[in-house]
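Enquirer: Here the structure of chain A is known, so what remains is to put chain B in place on it, guided by the hints.
There are 2 protein chains.
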Amino acid sequence: MRAIHVGLCGVGTVGGGTAAVLKRNAEEIARRAGRPIKIIIAANRDLDRAREMCGPDVEIVSDALKVVNHPDVDIVVELIGGTTIAKELVLKAIANGKHVVTANKKLIAEYGNEIFERAQEKGVTVAFEAAVAGGIPVIKALREGLTANRIEWIAGIINGTSNFILTEMRDKGLAFADVLAEAQRLGYAEADPTFDIEGHDAGHKLTIMSAIAFGIPVQFDKAYLEGISKLDAADIKYAGELGYRIKLLGVTRRRENGIELRVAPTLIPHKRLIANVDGVMNAVLVKGDAVGATMYYGPGAGAEPTASAVIADLVDVTRLATADPENRVPHLAFQPSALANLPILPIDEVETCYYLRMDAEDRPGVLADVSRILADANISVESMLQRPATEQNDSRADIIILTHQAVEKNVNGALTKIEALGSINGKVVKLRLEHLNG
Amino acid sequence: MRAIHVGLCGVGTVGGGTAAVLKRNAEEIARRAGRPIKIIIAANRDLDRAREMCGPDVEIVSDALKVVNHPDVDIVVELIGGTTIAKELVLKAIANGKHVVTANKKLIAEYGNEIFERAQEKGVTVAFEAAVAGGIPVIKALREGLTANRIEWIAGIINGTSNFILTEMRDKGLAFADVLAEAQRLGYAEADPTFDIEGHDAGHKLTIMSAIAFGIPVQFDKAYLEGISKLDAADIKYAGELGYRIKLLGVTRRRENGIELRVAPTLIPHKRLIANVDGVMNAVLVKGDAVGATMYYGPGAGAEPTASAVIADLVDVTRLATADPENRVPHLAFQPSALANLPILPIDEVETCYYLRMDAEDRPGVLADVSRILADANISVESMLQRPATEQNDSRADIIILTHQAVEKNVNGALTKIEALGSINGKVVKLRLEHLNG
Chain A
1 MRAIHVGLCG VGTVGGGTAA VLKRNAEEIA RRAGRPIKII IAANRDLDRA
51 REMCGPDVEI VSDALKVVNH PDVDIVVELI GGTTIAKELV LKAIANGKHV
101 VTANKKLIAE YGNEIFERAQ EKGVTVAFEA AVAGGIPVIK ALREGLTANR
151 IEWIAGIING TSNFILTEMR DKGLAFADVL AEAQRLGYAE ADPTFDIEGH
201 DAGHKLTIMS AIAFGIPVQF DKAYLEGISK LDAADIKYAG ELGYRIKLLG
251 VTRRRENGIE LRVAPTLIPH KRLIANVDGV MNAVLVKGDA VGATMYYGPG
301 AGAEPTASAV IADLVDVTRL ATADPENRVP HLAFQPSALA NLPILPIDEV
351 ETCYYLRMDA EDRPGVLADV SRILADANIS VESMLQRPAT EQNDSRADII
401 ILTHQAVEKN VNGALTKIEA LGSINGKVVK LRLEHLNG
Chain B
1 MRAIHVGLCG VGTVGGGTAA VLKRNAEEIA RRAGRPIKII IAANRDLDRA
51 REMCGPDVEI VSDALKVVNH PDVDIVVELI GGTTIAKELV LKAIANGKHV
101 VTANKKLIAE YGNEIFERAQ EKGVTVAFEA AVAGGIPVIK ALREGLTANR
151 IEWIAGIING TSNFILTEMR DKGLAFADVL AEAQRLGYAE ADPTFDIEGH
201 DAGHKLTIMS AIAFGIPVQF DKAYLEGISK LDAADIKYAG ELGYRIKLLG
251 VTRRRENGIE LRVAPTLIPH KRLIANVDGV MNAVLVKGDA VGATMYYGPG
301 AGAEPTASAV IADLVDVTRL ATADPENRVP HLAFQPSALA NLPILPIDEV
351 ETCYYLRMDA EDRPGVLADV SRILADANIS VESMLQRPAT EQNDSRADII
401 ILTHQAVEKN VNGALTKIEA LGSINGKVVK LRLEHLNG
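The listed protein sequences derive, respectively, from chains A and B.
So for the first sequence, the UniProt record's numbering puts the first residue at 1; every next one is plus one.
So for the second sequence, the UniProt record's numbering puts the first residue at 1; every next one is plus one.
So here's chain A without its partners, still in its complex pose (with noise of 0.2 Å):
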């Protein structure tokens, strides 16, 4: 089956990103969109960086136009950001008849009604997933997932920077200058970080939002954007006594006579798990009138979370485009010929943290028989509490213990063992525990 062709323009860090995944996870896409997807042509000013990324296979060139015009690509990737150069190819690669995916979210709310016009009438299609809170395919589940409600109102936190800054604040009690001059030392921050702070590119992504939310034209003149720089340290603090935390927030409402779209630090009881959203993370909340609140929560930035929905894309323009239809959106995911073969493993063979409970005499030796045990099964321990078992009987206590990763065959045998010790009365408590590092 022939290879979708992708022409990539711009291998800056989204473009090199998705040269990355691409070629990590090419086995594993081609099951998913039914057929190999292989970047053949590659346009960036610095070729060097774009043959290092690409690799050999790949056509390099430094006129973007070389690759919109190329007769063998079939979806062309703007990653070149910008109104200008990206927006002439973008138009030209429709005018070619070609697909198009972009991360470009400045393009797309400002130009957006144009491009789609264009698209239309060449029967192609513009992808931008990746031009809104990065991995979070929240285009996707507003678009296709929520079909059925009314959209009431979206509201995003939908720029890093800006939440990093905010929660650094909060944190640490520090006034804004300190903290952006910290982010921009750690790079969370440009060096002009305007564009950020100022709520620019938070309104970018909310203007497509409320567009798709509400079946409106892109219209981002007419959002109102204020940012986070005259922020003051002590209304965060007044907030946080109040029961609220300050964020960044994108929300556009679905009002009688209009929509609502605005940007602005605002208020949000602290109680609310979006509120909870920290550091650089994104997250939108959505409020439809038959499913109520949904939340969608990811990284909103970074090379190769913002590459996955590119990715996304150009896998959705797959199977849309060229499979037959029985495969253009698989039952399992992947295409029916191509699931694997591994098996479910039996809880015997799981490796997980554990929780331990144990009701024990309270006298010297016992825990050093059961910590005896545990290291023969090579389970090391991460913590441990004790307490009084119930406050009648001070012989008796209570040892809980958090162990690091193990095998559970290998708990059940230690614990087997720990249970027939003198010491410890009746069976042992077993929780499995996760730590769910992102």
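Please keep in mind that the hints were generated in silico from the structure rather than gathered at the bench.
Just to be clear, a hint being listed does not mean it is correct.
Because identical chains share one entry, a pair is satisfied inside a single copy or across any pair of copies.
What the hints assert, rightly or not - Below 20 Å or equal to it, Euclidean Cα-Cα: the simulated PhoX-like pairs (lysine-lysine) are:
#, residue 1, residue 2
1, K87, K122
2, K427, K237
3, K430, K417
Predicted model, so just to flag it, every value in this text is computed and none were measured.
Expert: This is chain B only, laid out in the frame that chain A set:
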């Protein structure tokens, strides 16, 4: 343009919700799908209920086979549940060349392989978004949104009944049996709660997600299931002391030699966002190698949340199976000819709550003046906080006011008057406040 004809099998909770939402949002759904989606026939044991829920234009029958054999039905919606009649109906619908949408997790987790094979042979789609996590579009995220990724693991709170019980046990320090009785009284647990509290329901959902994430057949018989009925309140307390919460967690993880697939009460660090998903809400955390961790949160059950997923599948099938290629998934979610003409409101017209902070003289009468100005502008105060402005100067105070919902221009007008008071120093700080009630 001809409407898509739906045949509904089962008009219980979810069936009733589906009929209601399809009617209420008919116009919006047609704008998205490119054509109307209409129930033309519905089968239910209680004919009166079916008539009441579906309205007079729908043919009501007691024999569901009449639905799947009806020549004008394009898509069969199976909401009967179980694996006897439901399986027979789904296979017959497929044999008749009809697409199928189902919310039946047991059917898909136990008989999905056979069903998908038949569907593949006939070139029809079987869609089952509603089978996992109710209204949260997590099947779509896994199947289409994260296709770039090698999925490493999924961890999900996917049974609302269990999560409600665990939340109450923790918050109120109660024993399992007491909370279960309360949950049954509130309608959050069935009279026979086994299916929910022993992990069967979560196991069905996890089995389906595991298959989609790793590209393997569904294998519910291999899932390890451990429920919450034996969970001791003492362990919830000890876990809390150690910084953890206990959740009934479904975990499926790729290991070198196979796949872990297990449901059990599990400790999670309390600072993880997913550890704070409480009550009947569901959340699924997915770790992909490119995107990192993304999370999908929302109501996992209920008439309209589940109907939201059923209808999203109906729109998907409609777009994929019937529209012209260029109409399949519209760029802005709604068909280009169906965009609305709603204006974006100027910021003056925005309605929200406000946080106001002013530097005031600390003397009688100031608060009265401020309150009168707010009342005159139709702005009502939700709460108020007064703090010494600085430690050096006890003649001045910071007054912080939270307002109820108000119109921005009214707030701005009031602030101009407040700032003109002799007792108020400088500008009033104004931030917006959103309660984001689901």
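Enquirer: A separate judgement is required for each hint: does it hold in the structure or not?
Expert: Against the structure, the hints come out as follows:
For the homomeric pair K87 and K122, the shortest alpha-carbon distance inside one copy (16 Å) is at most 20 Å, but the shortest distance between copies (43 Å) is not. In this assembly of identical chains, K427 and K237 lie within 20 Å of each other by CA distance solely across copies; the values are 19 Å between and 49 Å within a copy. For the identical chains of this complex, K430 and K417 are intra-copy neighbours only, at 14 Å inside a copy versus 65 Å across copies, given an alpha-carbon limit of 20 Å.
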